[in-house]
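Visitor: What follows is the residue order along each chain.
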Amino acid sequence: MSYDTNLEEVSQGVITQAKKLGCSDVSVVVTQNHTRLVRFANNLVTLSSSVVDTSIQVYVAHQTRRAVGVTHDTSPQSLERFVARLVDSASRLAPSDDYAPLPSGPFEYPEEQNYDKRLEGEELVEHAHQAVDAALKAGAKRVAGSLQSLVRRVHVSTSAGVAGDDSSTKILLNVRAFTEDNASGHGLSCASFLSEFNPEKAGRAAGEYAKMAESPRQLEAGVYDVIFTPTVVANILPLAEAASAYLIQSGVSYFSDQLNQQVGVEALNVWDYGVYKGGLGGRRLDDEGVPTQKTEIIAKGVFRNMLHNSSTAKKFGTKTTGNAGIISPQPNTVVFGEGDSTLEEMIQETKKGLLVTNNWYTRFQNLRTGEYSTLPRDAAFSVVDGKIGEPVAGFRLSDSVLRQLKSIHLISKTRNWVEWWEVETPTLAPYMLIKDVTATVAH
Amino acid sequence: MSVSDSLDEDLCMAALDEASRLGCGYAEVRLHVNTYTGYSLRSGVTEPTVLVDSRGVGIRVICGGSLGFGATNVLSRQSVVEAVNMAVKMAKASGDGGEKYVLSAEEAVSDNWRVSEAKSLYELPSETVVSLLRDVDSASNREVKGFSFPVRLLRIDCSTEQKLYMNSEGSKISSVVPRVSFHSVFVGLRDGERVTVSVPPGYSGLGGSGGFELIEKLRLEEYVTLRLTEIATTLSSTTAPPRGERVDVILGPNVASLTSHESVGHPFEADRILGREAAQAGESYLKPGEYNIRLGGAEAYVSDDPTIPNSMGFYLYDDEGVKARRRRLLQAGYVSELLHNRATATKFAGKSNASARAVRYSVEPLIRMANTYIEPGDWSFEELLKDTRRGVYIKSFMEWNIDDKRRNQRYVGLEAFLIENGELKASVNRPILEISTPKYWSNIDARAKDLEFYSGMCGKGDPMQGAPVYFGSPHIRLRDVVLG
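Sequence order for the protein chains is A and L. When we follow numbering that gives the first Met the number 0, the leftmost residue of the first sequence carries the number 0, and every step to the right adds one. When we follow numbering that gives the first Met the number 0, the leftmost residue of the second sequence carries the number 0, and every step to the right adds one.
Rather than coming from a laboratory, the hints here were simulated on the basis of the structure. For glycine and all other residues, C-beta sits at the position ideal for the given N, C-alpha and C. It is possible that part of the hints are untrue.
With a cut-off of at most 25 Å between alpha-carbon atoms, the simulated DSS-like pairs for lysine-lysine come out as follows [claimed, not checked]:
id : chain 1 : residue 1 : chain 2 : residue 2
1  : L       : K404      : A       : K140
2  : A       : K136      : L       : K424
3  : A       : K210      : A       : K350
Coverage of chain A stretches by chain L, computed from C-beta distances (three or more under 8 Å per stretch; other residues unrestricted) [unchecked claim]:
id : region
4  : 69–78
5  : 165–175
So here's chain A without its partners, still in its complex pose:
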């Protein structure tokens, strides 16, 4: 299949074949991605790549027995064999109570799409150089990162007569700067529109943080009030993922049994948007062809809504929220509500605390209670009596999501888009000051 293949024709062919094989429900999601990538390290470009990829996701229900598959092998013969194998797999399973008929339209889809035509042919190398130069100018000695542009077209068709298209673009820069003594800083620029993309700012932030973080001292274990940047908030509080009705039903979410309960402070508000206008990525319709929407997940600290597909909606006696994922509902774009504070106020408010600018390797000890630990990465600082103090290193933060949500002291008005290695769902996140976070160190 070439990049210009008629997506609707391919989808209808799959639906016709699966129905002939006895399926009552079929959905087909054809995705065409063109990904350009520039990776750089030690101030040099280490790899430039361009990958064109078409994938076809097919869901079938055969007398309530279900199977779902994705194939990147899109020749007509291979696709036909794939569908036959999928239907055969489904037909061999036991009937499923989780089956729900695919929603039937007609649907009207939102007009908004985060698509910038300029990204179709944008050369990336110059942007990478801008980020590197800005970091070096800010005091870094070496700079590494990755810069990726994604042009995505999606077509969804179902046997319930639903069909729709979606297009989106993204440009994502992740940059780390290192000083002579290997102190490091991190910067991100994530956008759907070239006009919102600022590699120089990201590079400068990485370089400045690295410079500030030179010669860190070993932090003492203890309890600290911690200011988290948007990059960290988006990683340690994956609240929309935990709101998946599938995970809740499976008993592996800390939001299990918490619906309509006060899970956080009153200032905490979180939504999932199908498409956040002018934001990052998103989809107009989900994998069942249902229009995506704005769903209130947490309002004034109360866990208000789970994210549903039609299967989980049936189970919970409600309507889909347009978040299919055939098996598990998925968030599209996570948006934390803005607060009324600033980073400066957070620093001023803090007597004995930390500023953590980046993190990695978050692992949960107990998915049900949300106990986890994570490692600060790149610049971190002590905050003492309202001022940023020395850079600190050599510690991890160990806490519980549910405790943290009730210990949020301040939320910033400023929010940044985050999507990178450690955060897969595009997230608009604020700075947060969270009280009484435990820091541990190696013995």
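Given chain A's structure and the hints, the job is docking chain L onto it.
Guide: Coordinates of chain L only, in the frame set by chain A:
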């Protein structure tokens, strides 16, 4: 798509010819086919079967000294030629700001190999797998030590990876590797308390390369039941571990195996040491030019070996066409060998040791571990125990992480017991081993003979590549450790 299809050599040849025509000093093409079928059961309910297939061509070229990569899953001659042109364009776009990419000289190879299956994964009836999962589910749906397990998530992954690799130096290698593994997660409930645990613990898996016979040999029903009983017994404990005092710690293979992967395998990847992975997967405590250092004590031995039969990370040639062999990474505490691809090998004036792997057609090969393990010693577990006066035996773990230079690691114990005068005593609740890497490897004073392996997916790269690996270890003992 069937794994028995022959892969299109002419298509690969066309790619190499085009790269040559465009003046590339080096080109390689990988026709890469992956098939995956996932079977799962959620608390007795059959989940939809999941199929994932991919077939495409990845092309790497070195043009003007710079590296370019292109890929397509449209397997026509025209599309592949376009992908080569795109790879060349990308290499040239790097221009003066690009790293000069030089490969070590290696012998051209022509070979054809595959891992055999007694029970083919591709032809496996769904009913066989689901029926086995049902048996495991029934056996685990019971009360143990006051704990019930109302949530039981069981999964068996079956995959096959087929490749045809050719390069402009004359190598041509085709391979087929089937892999199968078992994973499970449970939510335990007692008196309103809920805990999530995995079997095997640490969210690892059991399995390897081969057919479904590997899963049948595991006797999963028995294994899972036994592990849940042991875990429930431990979870019932309210005894705190000795904290803040120096004790000896015996680590079970489940815990120790991961330490070899996290704190020796990863930091010994030469691309990390050279800073090439700095933006995502991180760097290393080893610095360029500082390799002949002592990291641990006389009992610190770690190897990585892709050639272990039926292992999860098994291969005979890497994705740069280099013949695989065992790499001894740590020998008596000294850094012995790093993991190299052909590019990093040149920077160390040596040969590649075949560590380059790509997990699908659309990504470049990176330096990866295969099967990393602490080498067995000559103690038995019973001897280790008997020789320990006061300590803690941490048999398995539940949470772990490590910093991005691999200097500071943490493992939270799941099944753990006090040791007093050479005997196991009460279970202890969640001992935390949070320790620096040099201290960890320096404090090992004994290794048992009982080497065990666990399977897992190792994450690295951007885009992320999850590579199938084993991590292994026997029981080991650390002296004078402080637990949290």
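Visitor: Next step is simple, just say for each hint if it's right about the structure.
Guide: Against the structure, the hints come out as follows:
| no. | hint | result |
| --- | --- | --- |
| 1 | L:K404 x A:K140 | 18 Å, holds |
| 2 | A:K136 x L:K424 | 60 Å, violated |
| 3 | A:K210 x A:K350 | 24 Å, holds |
| 4 | 69–78 | holds (count 7) |
| 5 | 165–175 | holds (count 3) |
When the structure is compared with the earlier hints, a violation turns up for hint 2 alone.
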